[in-house]
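S.K.: Line order of the protein sequences matches chains V and E.
1 is the number of the first residue of the first sequence in the numbering used here; add one for each residue after it.
1001 is the number of the first residue of the second sequence in the numbering used here; add one for each residue after it.
FYI, nobody ran anything at the bench for these hints, they're computed from the structure.
Treat the hints loosely; a few may be bogus.
[Said to hold, decoys possible] Here are some, though not all, of the chain V residues that point toward chain E, as calculated from beta-carbon distances under 8 Å: (1) 155; (2) 199; (3) 429; (4) 432; (5) 434.
Note that CB positions come from ideal geometry on N, CA and C, so glycine has one too.
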Amino acid sequence: MKRPQTLFDKVWQAHEITRDETGQSLLWVDRHFVHEGSFHAFAKLAERDLKVAHPEQTWGIADHYVPTRSRSLDDVSDKIASVIRLLQDNTKKHDIELIGLDSVHQGIVHVVGPELGLTQPGLLMVCGDSHTATHGALGAIAFGIGASEVAHVLATQTIWQTKPKQLRITFEGDLPLGVTAKDMALHWISQYGADAARGCAIEYAGKAVRDLSVEGRMTLCNLSIEAGGRIGMIAPDKKTIDFCSSRERSPKDEALVHAQTYWNELKTDVGAAFDREIVIDASQIAPTVTWGVSPEEALPIDAHCPDPKEIDEPNKARQIKDSLAYMGLSDGQAIEDITIDRVFIGSCTNSRIEDLRSAAEVLKGRKSLVPGIVSPGSTQIKTQAENEGLDQIFIDAGLDWVESGCSMCVGMNGDLVASGERCASTSNRNFKGRQGPGSRTHLMSPAMVSWAAVHGKLADIRTFKREGEN
Amino acid sequence: MEPFTPFTAPACALDLANIDTDQLIPARFMKEPRSVGYDNFLLYDLRFDENGELKADFPLNEDLNQSCKTILARRNFGAGSSREAAVYCLVDYGVRCVIAPSFGDIFSSNSVNNGLLPAIVSESDCDLLFDAMEGEIKNLSVDLEQQSISIGELSVSFDIRPVWKKKLVNGWDDIDLTMQEEKEISNFQQAYFSRFDWLFNSEDRK
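The shape of chain V in the complex, shown without the other chains (with noise of 0.2 Å):
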């Protein structure tokens, strides 16, 4: 009998090229996406006079750096338009298609790609980004590489990686009312640390996951890298191929019969093994913030802050003052008492049109007491958001109606939270710093940021839901 494989294994062994004596395989890449930031390797391409083995596999898109209030590089500094002019350069010096800051399928790239349908069950593919994991939601093994790999990748349309260790995540359940899959994400990982998947290749399962829509499930992965794991995955099934054979690159006609046989092959079979498994039960998770400087610092919203002073491990006690110092926030405090000075919607973590939905819906018909930017995560999703009227309600309510980017996820394009301001964010990192210089970042979903925008403060969403009710 055939011995059982996980989904992972399937997907890998049909990309497995050849695997050398210390066991790391060489894989070949379906798919190859390049931003602003590689341009690292494209000099290092340069530099040995190498070629692009195979351009037509690899998309150049815009998005680290582009403004978001202007699509002329003439409204940049000098910097930030020379870095997305490299990108047009690059590509087109190597023959490789760009979605580049005047193409209307200019986006984040791990929305581009789904959207675009180049992101398709069983392939292979990365791009020089952490959050490259987010393609595994339709059921490929995604991940983030460095500018070394993205210059081998270039040469080569391979890369070589040991196979790593499979860990499988049951959410069973159902998951509460106003709880999303990204409270999923924040929960898991404040449970298990910041490290917890390291080395691993993640696969979801379990009924609250394939309750999930696409794009629900495109946030889970996409925050795989925050507990350290590289890869995360999902069985495609009839939402998946639904999903992905409507898209304006996917297969079709013949092709496209061919395609959905082959993904509806693409499962985890009974009894094949996992390194690891963790079970969470989804109907306890609550909605969820972090509180501090790592996206494992996160608590649910009608929780209190740590106090170091009831923490017995020193060296415990010594990093969540720390956290506690560099976020402002004094020992024990209530988190719904926090006071927010901003807040941001957007990035490759929840800028999808469910997200806008779900923020807009909160904002209807009220005002948010503090400013804010709003960045689709795609032109195509800002131009539908439009149709629907929701850049009208963030607008009515004061927030910023931008254009698609990374944008305030990471500040690389100058939209920045302040030195010492605190923002309530739907990105993916509360580091240090991210959104700028000193800056406060605590994560949540879209619908509890328009939900704190409302008052000023972190607040329970699940109070919105009854107020809905009522």
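Go by the hints and put chain E onto chain V.
M.R.: Relative to chain V, chain E alone:
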């Protein structure tokens, strides 16, 4: 790449967990070409205050002549983004080895691709190393062949993936290695293209 050889050189202990890539190099510096010297950006917001002055209480600022070749830190060093610039700033500073109980996966592979050794020690050995450093800049020896680290009387072993050890010891570059597999790759490609025909006849390219 330079092969990794044993050395004894000053080391600095940073008693912090989760030193992520955004702290190693804040994003605002990443537009710069490598030629400017990324050592200027290393741990920038931890080393410098708002006025660009060195912070007196940050341990690495005691390394006045930038001679440290090793950094000792707590768990989850280099977590976060895939930015290889986090490694460039360490390497440009002169660091050849980081010792910690655990590292971010992408940071580790980026390190090895730039000749920087990510040496994994147990939590208890990490405590011993911190004790031995006594919060000062001290000479520390690293021997990759023997997988050992020593300070004075104390000697502990560290872990490294065998393939990474081999690459570091030999100073190998992946692209050279892969070019030797050209025939394997082309055979694979042929079989792959016929099995997954929809990937290559589709609307991928416009």
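S.K.: Return the status of the interface hint for residue 429/V: holds when the least beta-carbon distance to chain E is below 8 Å, violated otherwise.
M.R.: At 7 Å from the nearest chain E Cβ, residue 429/V passes the 8 Å test, so the hint holds.
S.K.: Do the numbers back the hint for residue 199/V, that is, is its least Cβ distance to chain E under 8 Å?
M.R.: holds, 6 Å
S.K.: Min Cβ distance, residue 155/V to chain E: is it shorter than 8 Å?
M.R.: holds, 6 Å
S.K.: With 8 Å as the cut and Cβ atoms as the points, is residue 432/V at the interface with chain E?
M.R.: holds, 6 Å
S.K.: Are residue 434/V and chain E close enough, Cβ to Cβ, to be under 8 Å, as the hint says?
M.R.: OK, holds: residue 434/V within 8 Å of chain E, min 5 Å.
Hint compliance for this structure: every hint is met.
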